[in-house]
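Student: Sequence:
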Amino acid sequence: TCIQGQWSCVDLDCPATCSIVGGSHITTYDGKAYTFHGDCSYVLSKQTNKTAFTVLGDIVKCGKTDIETCLRSVTLVTPESMMIVIEASGKVFVNKMFSQLPLFMADVKIFQPSTFYIVVHTSYGLRLEVQITPIMQVYIVASSSHKEKTQ
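Straight run, no breaks: the sequence shown in the numbering used here ends on number 154.
No lab work stands behind these hints: they were computed from the structure. Predicted model, so just to flag it, every value in this text is computed and none were measured. Warning: the hint list may mix true and false statements.
[Said to hold, decoys possible] Here are the simulated lysine to any residue pairs, SDA-like style, with alpha carbons at most 25 Å apart: (1) Lys112 with Phe101; (2) Lys35 with Lys49; (3) Lys49 with Ser27; (4) Lys35 with Asn52; (5) Lys94 with Cys73; (6) Lys35 with Glu132; (7) Lys35 with Ser76; (8) Lys49 with Ala19; (9) Lys64 with Thr38; (10) Lys64 with Thr136; (11) Lys67 with His28; (12) Lys94 with Asp42; (13) Lys99 with Glu132; (14) Lys112 with Thr57; (15) Lys94 with Tyr45; (16) Lys99 with Ser126; (17) Lys94 with Thr81; (18) Lys49 with Tyr142; (19) Lys49 with Ser22; (20) Lys35 with Ile70; (21) Lys67 with Ile138; (22) Lys94 with Ser22.
Whenever a hint applies, use it, and build me the whole structure from the sequences.
Tutor: Structure follows, in structure tokens:
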């Protein structure tokens, strides 16, 4: 920004995003793209230290062929070991208990800005943007504070 003829510079956070779209198309934080058709629970993102968050994705076969897969659920395990599960139906469970949205806790806020999306926003620089309609997809956004500490 220019103020009275002088540049006033600030450092802005430059987050990284990884995603699963279309049930099998994965993009990593460094922009690499992969396509695979698994039938398992996968670690989508985690911090390298043992006390931090983990994001899991449950990919299942959902068609008549082996290459038709869908994202069935996304799970966030918080540093406090809270487990937040978002299902493709839009249901949200916290520690295995169904939860109505919006939900505001100390370090995690979960809300549904539209019928298409559920957003999980954390105080530690992680945001999950989960599309539930027409098919489930997830975008995991990690702040620059997680750079080189997140896989």
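Student: Can you list which hints this structure breaks, lowest number first?
Tutor: none
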